[in-house]
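Next come the chains, spelled out residue by residue.
There are 2 protein chains.
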Amino acid sequence: MSRVWNFSAGPAVLPAEVLEQVKDELLDWHGAGCGVMEMSHRGKEFTSIIEAAEADLRELLGIPANYRVLFLQGGATQQFAQIPINLLPAGKSADYLVTGSWSKKAVKEAQRVVAGTANVRVAGSTEASGFTRFLDAGEIDLDPNAAYLHLCTNETIHGVEIDCARLPATAVPIVADLSSHILSRPVDVSKYALIYAGAQKNVGPSGVTLVIVREDLLGRAPATIPTVMDYAVMAENGSMLNTPPTFAIYVSGLVFQWLKRQGGLAEMEKINAHKAELLYACIDGSEGFYRNPVRVADRSRMNVPFTLARSELDADFLAEAKAAGLVSLKGHKSVGGMRASIYNAMPTDGVRELVAFMDDFRKRKA
Amino acid sequence: MSRVWNFSAGPAVLPAEVLEQVKDELLDWHGAGCGVMEMSHRGKEFTSIIEAAEADLRELLGIPANYRVLFLQGGATQQFAQIPINLLPAGKSADYLVTGSWSKKAVKEAQRVVAGTANVRVAGSTEASGFTRFLDAGEIDLDPNAAYLHLCTNETIHGVEIDCARLPATAVPIVADLSSHILSRPVDVSKYALIYAGAQKNVGPSGVTLVIVREDLLGRAPATIPTVMDYAVMAENGSMLNTPPTFAIYVSGLVFQWLKRQGGLAEMEKINAHKAELLYACIDGSEGFYRNPVRVADRSRMNVPFTLARSELDADFLAEAKAAGLVSLKGHKSVGGMRASIYNAMPTDGVRELVAFMDDFRKRKA
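Just so you know, the sequences run in chain order P and C. Numbered by the UniProt record's numbering, the letters in the first sequence go through residues 1 to 366 in order. Numbered by the UniProt record's numbering, the letters in the second sequence go through residues 1 to 366 in order.
Derived by calculation from the structure, the hints in this document are not laboratory data. Just to be clear, a hint being listed does not mean it is correct.
Note that identical chains are pooled: a pair holds if it fits in a single copy or bridges any two copies.
[Said to hold, decoys possible] Below are the SDA-like pairs computed for lysine to any residue, each with C-alpha atoms no more than 20 Å apart in a straight line: (1) Lys363 <-> Gln21; (2) Lys270 <-> Ser2; (3) Lys104 <-> Asn242; (4) Lys23 <-> Arg3; (5) Lys333 <-> Arg42; (6) Lys191 <-> Phe357; (7) Lys92 <-> Thr224.
Model, not experiment: these values are computed from the prediction.
With these hints in hand, go ahead and build the complete structure from the sequences.
This is the structure in structure tokens:
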């Protein structure tokens, strides 16, 4: 077996160490005589798995006691609907920042589900400038009476990221999509009222969605909400109103354990910052052969989109990269070019190999 | 490693042969250099996986061309909401048959989400007789103008099953929950307008829900429905509006291939009928030591609930069974006693061992 360097934006590379453990336990988890996929979610074995996953996630992120951790289904796209249905009552308004494809989709879905009964208000957008930076303070027009402020702190497609230190100053609850950079750096959870993340980028397999929600936001849903979408009901039932995606939760829990073994999020941040520096240095030092359009201060450490000045070389670049064992580098169709997603599970060596390939390709083709 | 005989009602036993294949491919699927959990859902590898899964399911069930196959999230519980939101417009009425815990939950959730704008009508119920049989024709009062008729063809908790040959005669679309017996026997899909099933009983891991829907039922959802819940949108997007539960779909697909290798559903029906006969014969021949309360014609081949006449022996029964490698036999808390779920992946040998244990236990304790 030979593993490639996998730069997929998601579902994405998982730590080989975690996969080896999954493999070892696949038919017999800890002597249970069956694998995790085959266990009742109500049994003591799976209960211990989901409890450990929550405890480890709480430790990694320093989640305060007044926040609940939910393991849900449906991905971030379901959250785009679930958030306004739970948190935006008729007659109220919510603010949305639009800084890339994902936050734009969140606005569209919120508008769809509230259907004019409430106001989904764009409080700032960088769309006119091509989603190549985050918003400056002067460009954000916040409503102090908004039910919440929604934003996406790492735009996977456009490669724009902000840290919790750069959140807009506001007293309204901040609801944030951290799908593609959660667990890549420490986060002050207390600055957010609700954090959500599809697992398939930096957490585990697709099919489980993390929601970290402050308790005072629970119980605001209308009585007509589908029960599986009601945060309060899911919190009351420990994410087990119905059968949860048990295997995806188990693998995510193993990733949390792996992150603790790496030294936690402070250590991951150092590694991730270094990986990103290597790659951006290669791009910026290429004399325009490669280009990343994002303002330097807002560049994502996780998703690095770049274009080749001579786009006629794109197909060669991808084919030669693949031959060198560097895969899933094609950019999202909406922006074109290339994208290297360098999540937690991408080792520094993988980025070094990508950079060496990119340098060599440039020298040969420039 | 020693595998137990696992009678869990779900998540449930999977074929060891399938698990071995998953294990072999976990870090490198067919030379891709990464596992299925790590692949983009938009890439050619995963596309081939989901297309093969759909083709095999279509072949196994003989799904007509005018039906769409969807791989969704949220389980049957989400379908309890999603069905009326899609198919029950304001001012209309839908009929529900109540023959156990699951169909009763479906009514409650439908009432919740329509909230009085439409009529969720119980067209027949066996609750008064303890959910120990299906409804007789004379007990069903159908509305010829109903938007649909909903029923559950195998009640997992109460062990009541009907075949498609016994569906009520009606011209309205039949919507059915087949979660706990889909793929256990041939089904005439054309008798249903919509079939749904959570995967974690007879299909694969939890986290994926099969929906097989006739095309004329698509496009009936209100414009305000969360996009992920709109059958038409999911059908248009090949279940990939957003990232689907890729690994769960992959494992389900391997189960479909395994079923084909067993000879398909006609062969599975023979095996399942034989397994059920062995177990019911043990219960019925126990001179009242074990009892199954379900009317013989309506007994489930998949879920066999039974009680011990002397319930003070329950704890001994479970402990000794576990020591003999027979696990997850405790009945659902709402009915008590025991339950043996003997899905497709439970070999006849497992049922024989259970029967041998039950016979021996009775002789020693009677």
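Results for each hint:
1. Neither within a single protomer nor between protomers do Lys363 and Gln21 lie at most 20 Å apart by alpha-carbon distance, with minima of 41 Å and 44 Å respectively.
2. Proximity of Lys270 to Ser2 under the C-alpha cut-off of 20 Å is found in neither arrangement, the shortest distances being 28 Å within a copy and 43 Å between copies.
3. Taking identical chains as interchangeable, the C-alpha atoms of Lys104 and Asn242 lie at most 20 Å apart only when they sit on different chains, with a minimum of 15 Å there against 31 Å within one chain.
4. In this assembly of identical chains, Lys23 and Arg3 lie within 20 Å of each other by CA distance both inside one copy and across copies; the values are 15 Å within and 15 Å between.
5. Taking the closest pair of Cα atoms, Lys333 and Arg42 come within 20 Å of each other only across two copies (11 Å); inside a single copy the shortest separation is 43 Å, beyond that limit.
6. In this homomeric assembly, Lys191 and Phe357 never come within 20 Å of each other (Cα to Cα): the closest approach is 40 Å inside a single copy and 58 Å across copies.
7. When the C-alpha separation of Lys92 and Thr224 is checked against a cutoff of 20 Å, the pair qualifies both within a copy, at 18 Å, and between copies, at 17 Å.
In summary, the numbered hints that this structure violates are 1, 2 and 6.
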